[in-house]
Amino acid sequence: MTPAEFNRTALDPGQAVVVEACAGSGKTWLLVSRMVRLLLDEVPASEILAITFTRKAAREMRARLDDWLRFMATAEDDAVRAFLAERAVPPEAIEALLPRARGLFETVLSAQPGITISTFHAWFLTVIERAPLEVGLAGFTLAEQTHELEAKAWEALADDLARAPAASLTVAMQSLLADIGLYNTRALLSAFMARRGEWWAFTEGQPDRAAYAVAQLEAALPVAPGADVAGDLLGDAAWVALLWEYLKLLALHTPTSIKMAQACELALSASTAADDCFDALCAALLTQQGEIRKTVTHSAAQAKKMGESVLLRLVELHQTIGTRLMSAQAARQAQRVYQFNCQALRLGDALLEQYQALKHARRVLDFADVEWQVAQLLGDSDQAEYLQYKLDARYRHILLDEFQDTNPLQWRVLQSWFAAAEQADRMPTVFLVGDPKQSIYRFRGAEAQLFDLAGNYLKERGAAYLTQSTTRRSAPPVVQVVNQTFAAVEHEYTLFKPHTAHDGQRSGRVEVLPLAQPPEQVIVEHGYRNPLTTPYSDTDTQMRELEAQQLAQRLNQIVGHWLIDDEKTGARHAEYRDVMILVRSRTHLPVYERALKAAHIPFATTRRGGLLEALEVGDLLSLLAFLVTPDADLHLARVLRSPLFDCADSDLLTLASAEGNTWWQRLRALADNAHASPALQRAAPLLADWHSRAGRLPVHDLLDTIYFSGEVQARYAAAAPSALIPGIHANLDALLELALAIEGGRYPSLPRFLHEVDLLQQTGNDASPDEGKTAQLDNAVTLHTIHGAKGLEAPIVWLLDAGARKARADAYTVLTDWPPGAVRPAHFSLYGDKTLRASFQADFFDAEARHARRENFNLLYVAMTRARQALIVSGASSKSQNDNWHGQILSALRTDADAKSASFGTDLDAPLPASTPVAPPPVTRAVLPPGLNQPQPTGRRIAPVSSSEISYGIVLHAILERIAPPASAPAATALKTELGNPAEFDSAWQHAQRLLDTPLLARFFDPAQYRFAHNELAYLNADGEARRIDRVVGLADAVWVLDYKSGSGASAAQLAARHHAQLEDYRSAIRHLHPGQPVRCAVIAADGRLIEIE
Amino acid sequence: MQPDLISQTARRILAQLAGDLPDLSRACVLVPNFHAARRLEQALAVQCGLPYLIPPRITTFPAWAATLPVTAALLPDSRRAALLYQALKASGRFDSADLWGVCDELLRLFDELTLHAVHLPDSLAAFTEQLRAAYQARRGRGLDFEARLIHELWYALAADAHGAQDAAARYTLQLAALAETAAGPLFVVGLPGYSPLEQACLDRYAERQPLVYLTPDTHGAVLDALSTAWPADPHAAPIKQRAHALRHIQPTSPLTGRLACFGAVSLEQEAQACATQVRLWLAEGKQRIAVIVQDRLSARRARALLERAQVLVADETGWTLATTAASTVLMRWLEALTGGFRFEDVLDLLKSPYLLADQDAVTRGQAAWQLESALRRHGPAAGLNGLKTRVRNLAEHSAALGALERLQQAAAVLPPRTELTLADWLARLANSLNALGAHERLVHDAAGQQVLSLLARREHELLPDSGRFQLAEFRRWLAGELERAVFVDTGIDSPVVFTHLAATRLRDFDAALILGADAAHLPGNAGASVFFNQRVRRELGLPTQDDSLRQTQYDLVQLIANVAHIRVLWRAWQDGERNPVSPWFERLQTLHQLAWNDDLADTRLATLLPHAQLAAPAPAPPPTPTRVPRPTLDSAQVPARISVSAYNSLLACPYQYFARQVLRLNALDEISSELAKVDYGQLVHAILHRFHQTHPVAAGTPPETLAADLLQFTEEAFAPVLADDYFAHAWQHRWAAQIPHYVAWQLAREQEGWRWQAGEIDAAETFDLDNGQHITLYGRLDRVDSLQASRAVLDYKTGGTAGLKDKARNPGEDTQLPAYALLLGEDVGQAAFVALDGEQKIETLALEAEPDAAADATRERLVRLFEQLHASVPLPAHGADSACQWCEMRGLCRKDYWPEAQS
Ligand code: SF4
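Those sequence lines, one after another, are chains E and S. For what it's worth, my numbering labels the leading residue of the first sequence as 1, then goes sequentially. For what it's worth, my numbering labels the leading residue of the second sequence as 1, then goes sequentially.
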């Protein structure tokens, strides 16, 4: 199929399509092009749903779509025509589509609802938000981190068990603890919790989940769980007869055999219990591994000694007896595993219930809940239909990315949805892309085989099935090495089909470096190592340090020398940012990072959850901990040693030997007497200042103060090695951001913040905050795990530690089998070390092992295919011979079977041109207004508007307004409610009553006695200032201006003097407004006195 | 710039009412907010040319309506919620933890229905049918449920209200009556839209009195550019065409220099840019600066940065009361009560300056530290009595005990299991706050005052409510109240105002900055209801998202048209990923680029930022680059004693030894109930010691008896631990399983001739140094056995066996066995670990070197090391990775910052 043909089918908006596309083939291009084609086809944005696996990928897709739509809106006509043609728009349609193409940018930007590009989880959450109310999910939010809840669930379970020592669950726990210990019990039940989605699915609809699961196991058991295997065997007279015959013959065999026979006879004849007797027989006949001992075989010498036929009979019996013992042993093992499952499954289920109850009480869901709830919702046809119309968006086109990472539950959701849609004859058009070779998330439940299954499901419904094995990413030499590496394991790794490079001309290179070898053991001459002069070192570290040095040296030979064919700028010399370093696990990262640091190579590690481990963040957390617990000496010492204060060890020695209980007391005493070094002298007042703020300021504001007055950013920049500075700045910023964001800024107490951070720290990698991201612009080598590098690429990829063997799988965990496409798993059990695995689980173990092997290849495939131009492989010497990635790639590459290293492809080294006239970027000199580095005092604190005096006035006016005639006065309580129950109400109410009850004032409040009256008469003076007069009353003879005063006790003269100016202003206003009428002014005191102001 | 709508309005009013001057009180003017009212008053006063003027009533729609007399008592929202809660609870439809949330949603919906005059049909069937048609769906359980819930409760609530009016209903009634009061002309100025009831009110008014609508201009250079960028017509020509047409009319951009956009790379940079821009404007002398807050996070950060420069901000947006320190202490108190006083909550309370504010800070600090120390040392506890017991373990405990007793007294008024009315709970809460000494602090805190007055207001409103609630229900209710209440600090007067977009209507700013203008925050999609969907809302006549978008766009246009300097800020990168700008600015920038070849990006701000950093208040000389520390000691500072484990630390890393032993620093223990490995080890040591004291010789006693004794000692030793930690059972099992093996091992050892001699022996040995000083090595020997003249020193190990073999093989690197041999003295026949945790066996792992020789070498090295320390040889930090991994001194040695791998 030509690329054009491929695109014609893949991008046809009316055609459902499944694409199996290799790494680097441009899946995102394809997906986004498909969206463009849909939009061009007048599909409303709200009908498109694209689902991918990470938020990052979703954002990238969104950005790419925006870019393209903007391009179509703004580019020249010809460019847009070419753009459309490239995306297989039929030539005859292009012209007519041009206006629409140009308009899409805005159509999509302003669409309501817009196009949905999301992860499964995010999309599931929106579904849950619209779930029917009766399901009771309203108001639930996503739990940000569940570690604390899990810990609490353990506590709750322990409390329950402690309260009921005789309950069967408690007995189960005791027995499990006795059997496998606390560590393994925790590991096992945590693993159970982690697979709760499968557990729910497996036991769906069962009232007693654990009982059901146990019953399933019992059915698979080769023997009744309570059967007395040993007793039955030893009660089998025929077999016992054979056994005796065997032992008799055995006693004629070799000395070893004779001993064996004696041991067995002893066990049989003594009245030992059947079990002990059985054990003795097993110990004699079977090896530790449970195999029949090879001690009884046919040999000529023995035949001569015992007689041929006797020996033959003995050998035959040895096998018969041994086989029977083996099967009995297997049966007993199965019983044991069954018992173990009975206990552990019930405990796991109980623990899970506690956990669920805790979440429910807090109204939170975790991701597993979200997934399960959505599966439930869509599994119920009534609710599924409700959701279909409840959602504002009605999806008709679904694009599924990275489908190999889908888990069975997600597929179940899709399937229910498709089924409902099909019934309503509204089956959406599905576009599904993935690559089973890049499936590396089995540990999270992903099931790569779903890709085929979904592919077939869609094919049956008319979807086209396309494969794509041309990579646009990797240069031909890289592709060739990938092909050769996997060709060598073809029989084991059938997923792989040879790739081709899109552009056959690009140059590229692959290097496999020799494994770092253990250094010669240096024999210490005499005596023991002196730790003051000689650091301790072990060979494993030394080996890795060698590999790391190799890395650093080679990188410095590459950067600035190799020629990179940059897509955007054309050929240029390699920079640090072009290099991506991959490791399988983080274990040895520090060694490599040290070497990079030493070689002054800037690097950035994308370490999920690394923020809280960073030294600078630790320093500040220590500072905060010190501020809440000033007696914590080590925290203080750390803060003093950090760049914040840069105290020397001699300073610490001074404090260590000073007088005083705690270091904080000593520090203050020394500083008070000016006996301290300048560094300590500086520390004392700053710390005291921060300490005084710690309880009062929100954490973020406290940190801000610390950053500012402690010059944090600048001081760290001065103290740290240059390679680390960008990362340090980013981390310090990220900590501030964490302080702003934690718990949505709610209830911000410092101890609580530290507690939360502590929890995040314990959570481990997945939920704890990432290290601060440095701006994209940094020119640094990046280090990733292979899992973390999925979806990324780089011109130069370095695969480290390739000599290591496969990681060992966990003991004590869950064994499940969820056949692709089934609604629920077919098997769910737990297992432990080798004594806790049974024959009835064997098939599933085999399947697991097959999957693990395949994923190991997948992982290597993903690692190698990140490289655009160059791939470098290194490692440290390994005991695994060639059964490691280094060996696999090397043997695919080398021509000489003994070669320890190999290289392939073009020499990318290009001498630097004699002179590189690089025009310096135009420097825009920033003209900073003077003083901008200095404070600009602005604004002022004023008495808050709600200060009591003002609000008293407001309340009094409001009351008078409502109770003075002609109003019909409401009851005090009702009015109080109306006015929002102000504190001043009661006294203002009395005040108002007094005014109304004062006979002298009646003429001002009785409508019968006045011509007109205004409450709160507002007027403006010439400057536009507004004034309000409490009351203006027109009597027959004059207009009265009245002003209420709340203060009591002042004499008439005092009041008159105090308010003279104010009332005069009122007077002249009223004169203007009522020209020709006499205006009289008065103050009415709280006690009802009327004081006229002349 | 176009004449401002406010002055146009003033002119129009004065012209139309010339005959009324100076008393315009007959007329009424409706404005969007009171800021606009102030401006209009000023414009009127200035333009009328009179010394005094009675202005028209200038007001907002709600305030105007509120002037009408009321016809029925008010049913406050708090009481509605309480009524609704009880009705819902009785219906049993929802989980109790959910109920307040559902109440809120329902009340919000009911208010919307009232305000938009949507009448529910009388019959449920009719309403269900109405919904079904609006959804364009078949009927189903979900739909029926939604319809029934709303319908039933709507009518139930109306019945329960007994004729009282809720605020929304009152507003609609007042609106309906407003037109009747028409006594003069009405001017409606710059209102962006009306609800149907408001529109009806205006229409009726217009029948009685002249009514004038005054709306902003729709044309002008800026407005034309904006309407080209954001055309109302969805079928407008493509943007490129529009841009070219615009350019044809306006060869130069009206926006260049007026509006600029800045995409920051991080939250911090966004906030920095905001603060810098505001300070630049201030430096230019701008008087009224608005920051329009779309993203609260950036705004909080920006405010902190401005305050560094002593620029105070008048924050009109406020923040929810729930985020203030005052609320914190309240909610933490209730959480502590409902959670049974977990130690985390209690510590948090004791560390809060709001509590026990009547005591001095030192006593409070002591109380917290005493409790914390007790918990760290003796494990956690819960409940005030439990905590008191823990505290009594300490010698110094009066402060903590006093504080806990205060808590206990205060807690007595809030019984968790009793059902009381909300008003009752509120009153008791107030009492308890008094008892805690919190009231004092709260009244002196701006947010605290608002919290207290909120509590008082609710208490009064809820007095008539007779519904009964548990403490947990009350706590959830209060959390919701604090969440909803907005705290606005009105105590700041500043030219810099943080505000909402809608609050900028008809206000006058010299410059405005839109903060957080990314697609997620502008428009943003807050406030979606759980009921219905957009289509149904439209069908029913409720406002939809489209309406709110239109409104936002209207406000944006007005802002840009009326403010001469606009900056648009957003985070263009988030978590290393691109983050799109608001679609409005995306379109505007694109249009501008196409029309005038300039995308309005602010390039100056980016270059200024690094230089605009504020100088620290007291700058200090910068620190020196970090180096590997190599402290030296004066002879007098060198310790005279060293334990065996400290000797090991010195071997692993001299600096670690320095920090632990010379500086005497150590990390605080975790507060944990869990039996740690060390504790387990100690227990087993004690059990074995007791066992051997009881049976110095085991042979001769039946193994069963020995095992039974050991088991009994084990149970006795574990009993107190099990009370605190259920999972300690696991450790007990672990050890109990080894008991038979231990007995067997002991008997075998006696067979070899070894006899137990003593256990838990404190030993010390002093050696001379060349400068006349001495060094004493000390340690505790777990056990000494003898075989004739020869003796053995044994060390019990409860950890894994794997590492032990290496240690026994390497006397130079793990000094325990040789050092014990040294401490034991002459004739050491054996120095060995006893691995107690083997797979069903006990193993003796003996030192693989001649004990005496190893002891000698150990002594020699010890002496040499201390002679060197006395001679001020430095103690470098150079632990191997394995040592550093768990080293608590990593923050002191600063290993992560060392410039190079040490050579
Ligand atoms: S972290 Fe390592 S180098 Fe630093 S003190 Fe601890 S052991 Fe020594």
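No wet-lab data here; the hints were simulated from the structure. Among the clues, some could well be false.
Claimed, not checked - Listed next, the in silico SDA-like pairs over lysine to any residue satisfying Cα-Cα at most 25 angstroms (straight line): (1) E:K152 to S:L471; (2) S:K388 to E:A162; (3) E:K152 to S:K841; (4) S:K388 to E:A156; (5) S:K841 to E:Q333; (6) E:K568 to S:E674; (7) S:K807 to E:P519; (8) E:K806 to E:L792; (9) S:K841 to E:R336; (10) E:K900 to E:P519; (11) E:K304 to E:R293; (12) S:K388 to E:H755; (13) E:K359 to S:E105; (14) S:K805 to S:Q830; (15) S:K841 to S:W886; (16) S:K89 to E:E129; (17) E:K834 to S:L471; (18) E:K1045 to E:G1076; (19) E:K834 to E:Q174; (20) S:K286 to E:P937; (21) E:K152 to E:V127.
- Message: For a quick check of understanding: which of the numbered hints are violated here, in increasing order?
- Response: The structure conflicts with hints 3, 6, 15, 17, 18 and 21, although it agrees with all the remaining ones.
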